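Asker: Chains as they are written, first to last, in numbering that gives the first Met the number 0: chain A, 0 to 481; chain B, 0 to 167; chain C, 0 to 397.
Just so you know, these hints were derived from the structure itself, not from any lab.
In this text, all values refer to a predicted model and were calculated from it rather than measured experimentally.
Among the hints, erroneous ones may be present.
[Unchecked claim] From chain B, some residues computed to sit far from chain C (all C-beta separations above 10 Å):
no., residue
1, Ala11
2, Ala12
3, Asn26
4, Val28
5, Leu48
6, Val59
7, Ile62
8, Ala66
9, Ala89
10, Gly111
11, Phe145
[Stated by the list, open to error] Ranges of calculated distance between the beta carbons of each label pair, as one might list FRET restraints:
no., chain 1, residue 1, chain 2, residue 2, range
12, C, Thr19, B, Thr125, 23 to 31 Å
13, C, Leu364, B, Leu9, 49 to 57 Å
14, A, Phe27, C, Gly96, 51 to 59 Å
15, C, Asp12, B, Leu131, 31 to 39 Å
16, A, Val420, B, Ser149, 48 to 56 Å
17, C, Pro334, B, Leu131, 25 to 33 Å
18, B, Arg130, A, Ala60, 35 to 43 Å
19, A, Ala164, B, Ser149, 13 to 21 Å
20, B, Ser3, C, Phe2, 25 to 33 Å
Just so it is clear, CB atoms sit at the ideal spot from N, CA and C, and this is done for glycine as well.
Here is what each chain is made of, one letter per residue.
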Amino acid sequence: MTITDFSVILPVTLLTAWASILLLAELFLPRAQRPFLALLAALGLALTLGISLAQSAQEFAPGFGGMVVRDGFSNFLNVLFLLTGLFGVALSYRYNQRAQIERGEYYPLLLFSVAGMMLMGQAADLIVVFLALELLSFPLYILSAFAYPRPQSEEAGLKYFLLGAFASGFVVYGIALTFGASGSTDLARIVASVAAGSANLPLLTAGAGLLLVGFGFKVAAVPFHMWTPDVYQGAPTSVTAFMAAGAKTAGFAALLRVFGAAFPALAADLSPLMAILAAVTMLFGNLIAVAQTDMKRMLAYSSIAQAGYLLMAFAPFEIEAARTMAVAGALFYLLAYTLASFGSWGVVIALEKDLDRHLSIGDFAGLARRSPWLAAAMTVFMLSLTGLPPTLGLVGKIYLFRAVIEGGMVWLAVIGALTSVVSAFYYLRIVVNMFMREGEPAVEREWWLEFAIGAAAVVTVVVSLWPFPLFEWAEWAVMKLF
Amino acid sequence: MDASQIIFFLSAALILVSALFVVTARNLVHAALWLIATLFGVAVLYVLLEAGFLAVVQVVVYIGAIAILFIFAVMLTRRDLLSQSSQTNANWPVALGVSALSLAAIAFIARGFGFSLDRPLAPVPTDSLERLGQALVSPQQFVLPFEVASVLLVAALVGAVYVAMNKK
Amino acid sequence: MNFWTDPIKVIYDWLMITLTGWGMSGWLADVLINLLGIIVLITAAMVLDILLVWVERKVVARFQDRLGPNRVGPFGLFQPFPDIIKLIIKEDITPAGADKVVFNLAPILSLASVIFLWAVIPLAANVYGVDLNVALLYLVAAGAIGTLSIIMAGWASNNKYALLGAYRMVAVMISYEIPMIVALLIPTLLAGTMSMKGITLAQQDGLWFVVLSPLGMLLFLVAAIAELGRAPFDLSEGESEIVSGFHIEYSGMKFGLFYAGELLHAFTFGAFVGILFFGGWNWPLPWGDKYPLIGIFNVLAKGMFFYWVIMWVKYTVPRLRIDHMLAFNWKFLTPLAFALLIVTAVVHAIFKDLPLWAYGLAMFLSNILLGWAVLEILRSNARQERAAEETPAPAAQH
Numbered sequence: 000m001t002i003t004d005f006s007v008i009l010p011v012t013l014l015t016a017w018a019s020i021l022l023l024a025e026l027f028l029p030r031a032q033r034p035f036l037a038l039l040a041a042l043g044l045a046l047t048l049g050i051s052l053a054q055s056a057q058e059f060a061p062g063f064g065g066m067v068v069r070d071g072f073s074n075f076l077n078v079l080f081l082l083t084g085l086f087g088v089a090l091s092y093r094y095n096q097r098a099q100i101e102r103g104e105y106y107p108l109l110l111f112s113v114a115g116m117m118l119m120g121q122a123a124d125l126i127v128v129f130l131a132l133e134l135l136s137f138p139l140y141i142l143s144a145f146a147y148p149r150p151q152s153e154e155a156g157l158k159y160f161l162l163g164a165f166a167s168g169f170v171v172y173g174i175a176l177t178f179g180a181s182g183s184t185d186l187a188r189i190v191a192s193v194a195a196g197s198a199n200l201p202l203l204t205a206g207a208g209l210l211l212v213g214f215g216f217k218v219a220a221v222p223f224h225m226w227t228p229d230v231y232q233g234a235p236t237s238v239t240a241f242m243a244a245g246a247k248t249a250g251f252a253a254l255l256r257v258f259g260a261a262f263p264a265l266a267a268d269l270s271p272l273m274a275i276l277a278a279v280t281m282l283f284g285n286l287i288a289v290a291q292t293d294m295k296r297m298l299a300y301s302s303i304a305q306a307g308y309l310l311m312a313f314a315p316f317e318i319e320a321a322r323t324m325a326v327a328g329a330l331f332y333l334l335a336y337t338l339a340s341f342g343s344w345g346v347v348i349a350l351e352k353d354l355d356r357h358l359s360i361g362d363f364a365g366l367a368r369r370s371p372w373l374a375a376a377m378t379v380f381m382l383s384l385t386g387l388p389p390t391l392g393l394v395g396k397i398y399l400f401r402a403v404i405e406g407g408m409v410w411l412a413v414i415g416a417l418t419s420v421v422s423a424f425y426y427l428r429i430v431v432n433m434f435m436r437e438g439e440p441a442v443e444r445e446w447w448l449e450f451a452i453g454a455a456a457v458v459t460v461v462v463s464l465w466p467f468p469l470f471e472w473a474e475w476a477v478m479k480l481f
Numbered sequence: 000m001d002a003s004q005i006i007f008f009l010s011a012a013l014i015l016v017s018a019l020f021v022v023t024a025r026n027l028v029h030a031a032l033w034l035i036a037t038l039f040g041v042a043v044l045y046v047l048l049e050a051g052f053l054a055v056v057q058v059v060v061y062i063g064a065i066a067i068l069f070i071f072a073v074m075l076t077r078r079d080l081l082s083q084s085s086q087t088n089a090n091w092p093v094a095l096g097v098s099a100l101s102l103a104a105i106a107f108i109a110r111g112f113g114f115s116l117d118r119p120l121a122p123v124p125t126d127s128l129e130r131l132g133q134a135l136v137s138p139q140q141f142v143l144p145f146e147v148a149s150v151l152l153v154a155a156l157v158g159a160v161y162v163a164m165n166k167k
Numbered sequence: 000m001n002f003w004t005d006p007i008k009v010i011y012d013w014l015m016i017t018l019t020g021w022g023m024s025g026w027l028a029d030v031l032i033n034l035l036g037i038i039v040l041i042t043a044a045m046v047l048d049i050l051l052v053w054v055e056r057k058v059v060a061r062f063q064d065r066l067g068p069n070r071v072g073p074f075g076l077f078q079p080f081p082d083i084i085k086l087i088i089k090e091d092i093t094p095a096g097a098d099k100v101v102f103n104l105a106p107i108l109s110l111a112s113v114i115f116l117w118a119v120i121p122l123a124a125n126v127y128g129v130d131l132n133v134a135l136l137y138l139v140a141a142g143a144i145g146t147l148s149i150i151m152a153g154w155a156s157n158n159k160y161a162l163l164g165a166y167r168m169v170a171v172m173i174s175y176e177i178p179m180i181v182a183l184l185i186p187t188l189l190a191g192t193m194s195m196k197g198i199t200l201a202q203q204d205g206l207w208f209v210v211l212s213p214l215g216m217l218l219f220l221v222a223a224i225a226e227l228g229r230a231p232f233d234l235s236e237g238e239s240e241i242v243s244g245f246h247i248e249y250s251g252m253k254f255g256l257f258y259a260g261e262l263l264h265a266f267t268f269g270a271f272v273g274i275l276f277f278g279g280w281n282w283p284l285p286w287g288d289k290y291p292l293i294g295i296f297n298v299l300a301k302g303m304f305f306y307w308v309i310m311w312v313k314y315t316v317p318r319l320r321i322d323h324m325l326a327f328n329w330k331f332l333t334p335l336a337f338a339l340l341i342v343t344a345v346v347h348a349i350f351k352d353l354p355l356w357a358y359g360l361a362m363f364l365s366n367i368l369l370g371w372a373v374l375e376i377l378r379s380n381a382r383q384e385r386a387a388e389e390t391p392a393p394a395a396q397h
């Protein structure tokens with residue numbers, strides 16, 4: 000064991016240790032000091048973020064015999080995941096007090112989940128991929144069921160757990176077949192065995208297909224999306240916000256790592272499949288979202304649709320030039336999606352006064368008069384999710400569509416554009432509600448929440464005006480991937 | 000044919016027959032007991048493959064812990080309800096189709112696998128147990144997954160305690 | 000090589016020559032001889048079991064200041080036979096609503112789980128069923144089958160008391176498995192192998208493991224008693240509240256199988272204590288490893304002694320309540336077992352290259368130190384609790 004080994008997983012280790020300490024800290028903190036835990040959790044995340052940023056300049060380094068790596072890709076994702084964690088804490092802080100679910104286990108579980116996500120970004124071995132997947136999912140199952148006496152929350156936790164366990168079964172089976180086909184679980188060695196022609200290709204394809212199904216569950220791609228609306232609706236909103244951004248990003252991290260790096264030889268077989276999956280997901284998610292009146296369900300279907308846009312990144316894998324751009328575009332879009340998703344869930348939390356009654360779209364009526372800044376921020380997030388200027392969402396979509404067109408799949412780009420038009424209907428309906436309708440929405444004023452929403456909105460707008468450094472970072476991140 | 004082949008065929012038959020009964024048994028406790036028979040058959044296969052450690056772990060973990068907890072959970076539910084409910088639902092034709100498709104896929108893959116009796120058996124290292132232990136704690140091999148698994152267990156344990164805790 | 004130093008080999012060779020002389024093929028003869036060996040081993044165990052019935056009854060009588068069986072044969076030595084005849088001629092009842100197959104399978108599995116254990120017991124240096132390199136885990140696996148048999152018996156009887164007894168027993172067995180496995184890791188660590196023969200050989204060359212790890216021995220003994228479901232951990236039977244637990248509905252020889260299984264199980268674990276911590280076939284005199292008859296005598300004598308210790312505990316200590324029992328496991332035995340494992344590993348790693356007496360002394364002292372520290376912690380805890388009890392709570396008067 001060397002110093003490099005440790006430095007590679009230093010952020011994950013630090014976060015895990017911090018979570019464990021937090022578990023113990025809760026034991027010794029008097030009840031009145033409980034809110035302090037959120038601050039401690041945020042501090043841990045911020046510290047880890049600092050270390051990750053400090054490491055971001057460093058070069059590619061494998062650790063623990065090739066089990067994990069640190070490269071641009073993992074650094075980009077680590078930063079994204081830690082931001083996700085920080086947003087999650089900010090959104091949870093007051094909400095949990097209101098919902099009376101402020102218990103000591105909340106923040107350690109959240110931190111464990113973030114650690115799992117980070118490990119997912121760094122994994123270079125299918126065994127680590129699987130363990131990271133479980134480490135990020137298990138706390139989420141519990142967090143979904145965290146609002147214990149509320150039956151919807153329990154139902155959400157149970158549904159998520161059962162379907163998640165089912166999906167994990169697919170992943171394990173896929174790993175087993177991949178191992179059988181190539182004789183290794185190490186991604187680099189799988190690539191080598193495919194290149195050398197010693198791998199059993201039908202078996203490898205079957206394994207890859209099973210892995211795809213498993214990850215498809217995690218990112219909520221159609222037809223593996225069934226759990227999403229119910230879980231998003233039933234779980235405490237702070238958890239939903241964290242889950243919508245974090246779990247999806249982590250799922251895509253795994254997809255990018257495994258399918259981007261390990262199965263390029265299968266790209267010819269898989270890319271049409273991926274394209275169809277992306278098209279179906281975009282169509283289905285957007286069309287169903289139109290019919291929703293419940294805010295949380297609408298956002299859930301919107302997140303399914305967003306998964307469709309992200310899946311487009313896997314479609315042009317056959318063409319070398321388009322591939323790098325597509326993956327960089329996906330990373331960029333993930334960041335845009337994370338910001339917009341957190342922002343819109345934050346606004347939902349701010350409006351959710353009565354926790355037993357679900358927030359409907361009509362409840363946004365009159366928000367512009369009551370609280371203009373909140374309405375403005377919400378407008379930004381909705382524009383970003385639709386893909387309209389001046390937001391990051393637009394930039395991300397442009398990059399993705401361009402990569403798809405360069406990859407020769409014009410039809411997919413057309414579907415993407417058309418469904419974006421459809422999505423404008425339900426996203427902008429909220430904006431219309433906020434600005435054009437009369438109403439008296441009750442708004443919670445919380446400093447942390449407002450700060451988080453404001454930051455997300457400002458970044459979404461400002462960076463979109465000059466997105467090139469960010470895109471360069473994303474491109475640098477994927478350079479070493481292939 | 001020698002003794003190990005006879006044992007193989009017997010245990011293979013045990014695995015298949017009891018696996019069939021796992022699915023068809025109306026009584027859930029019976030299904031769990033058949034499952035145990037299946038798992039035991041698999042343990043016998045491990046012994047035949049000279050993977051003694053895996054065989055014993057199979058019995059300790061799958062029969063001694065998981066299957067017993069299955070039975071525990073089943074027994075805590077209502078007994079008569081279980082025996083009368085229908086075993087299929089309206090989607091069985093779809094399930095049949097998917098199963099047939101999977102079987103076809105497996106058959107296709109197996110056909111290309113190139114099974115052969117002429118291939119020499121891989122030698123089983125005599126110190127396989129030691130090597131397994133070393134691999135689990137070697138930094139060049141599996142120490143990281145091992146540690147991650149323990150972190151995962153801590154997280155799951157915290158969650159289990161939280162869910163099971165008697166609130167008020 | 001002659002019969003007195005390696006009897007198994009001599010008998011095997013003789014049978015092999017005879018059987019192949021009759022025209023039998025080599026592998027079939029091999030299978031047949033092995034089967035024969037298994038049958039002989041099981042029969043020997045069962046005959047021993049019959050003796051154990053007498054021992055148990057005689058010893059419990061002495062503990063309770065009675066004479067015990069003394070009518071049939073010298074010292075009542077033939078008492079088990081009337082017992083068995085009584086069990087056989089009793090009516091064999093299967094309660095209405097019982098799940099017949101499972102109900103009848105349970106006692107068989109119960110006894111089988113004990114018989115399984117005999118496969119790995121090294122009775123002497125070259126008299127053993129099989130020298131498994133995972134024997135200690137195998138021991139736990141066989142225990143899992145025992146757990147299964149109990150839950151099957153409790154469920155199939157269609158009786159609430161039986162089910163309750165099975166629940167209690169399984170909860171206890173699953174919990175106490177953990178300190179037992181950890182305690183089993185200590186001989187593994189000291190000998191560097193999980194094979195029972197290897198562990199005995201390690202003690203033959205070095206010190207007996209009871210010297211190196213007296214605490215480990217105690218932990219294993221306590222966990223073993225709990226695994227056996229014997230008093231003070233016999234709440235699965237709990238006559239006062241659940242009549243007799245999981246075997247309430249069994250009569251005749253089916254009950255007999257449970258009973259025989261329990262006695263043999265207790266003796267077998269006694270033998271394990273002897274093998275893992277007291278040198279197995281070795282004794283302070285020479286020839287323990289050379290002449291199998293002496294080895295077998297040593298193993299059986301040690302087994303019998305620890306069987307007696309288990310009985311001693313059983314008839315002296317009252318039954319625990321289930322929450323106390325689980326708390327004892329999770330809050331005391333399990334942490335202690337892990338602490339001991341860590342201490343043993345560290346001390347072993349530091350001192351193993353020193354001369355034997357220094358190594359032994361270090362190991363022994365580290366155990367004593369750990370035990371003393373634990374006792375001190377417990378004592379101060381108890382003092383605090385007592386103080387809390389004694390300060391009169393204002394509203395607690397009834």
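Asker: Would you mind marking each hint as holding or not holding in the structure?
Answerer: For each hint, the structure was consulted:
{"no.": "1", "hint": "Ala11", "in the structure": "19 Å, holds"}
{"no.": "2", "hint": "Ala12", "in the structure": "19 Å, holds"}
{"no.": "3", "hint": "Asn26", "in the structure": "8 Å, violated"}
{"no.": "4", "hint": "Val28", "in the structure": "6 Å, violated"}
{"no.": "5", "hint": "Leu48", "in the structure": "14 Å, holds"}
{"no.": "6", "hint": "Val59", "in the structure": "5 Å, violated"}
{"no.": "7", "hint": "Ile62", "in the structure": "5 Å, violated"}
{"no.": "8", "hint": "Ala66", "in the structure": "7 Å, violated"}
{"no.": "9", "hint": "Ala89", "in the structure": "31 Å, holds"}
{"no.": "10", "hint": "Gly111", "in the structure": "35 Å, holds"}
{"no.": "11", "hint": "Phe145", "in the structure": "16 Å, holds"}
{"no.": "12", "hint": "Thr19/C to Thr125/B: 23 to 31 Å", "in the structure": "29 Å, holds"}
{"no.": "13", "hint": "Leu364/C to Leu9/B: 49 to 57 Å", "in the structure": "54 Å, holds"}
{"no.": "14", "hint": "Phe27/A to Gly96/C: 51 to 59 Å", "in the structure": "54 Å, holds"}
{"no.": "15", "hint": "Asp12/C to Leu131/B: 31 to 39 Å", "in the structure": "36 Å, holds"}
{"no.": "16", "hint": "Val420/A to Ser149/B: 48 to 56 Å", "in the structure": "50 Å, holds"}
{"no.": "17", "hint": "Pro334/C to Leu131/B: 25 to 33 Å", "in the structure": "27 Å, holds"}
{"no.": "18", "hint": "Arg130/B to Ala60/A: 35 to 43 Å", "in the structure": "28 Å, violated"}
{"no.": "19", "hint": "Ala164/A to Ser149/B: 13 to 21 Å", "in the structure": "20 Å, holds"}
{"no.": "20", "hint": "Ser3/B to Phe2/C: 25 to 33 Å", "in the structure": "31 Å, holds"}
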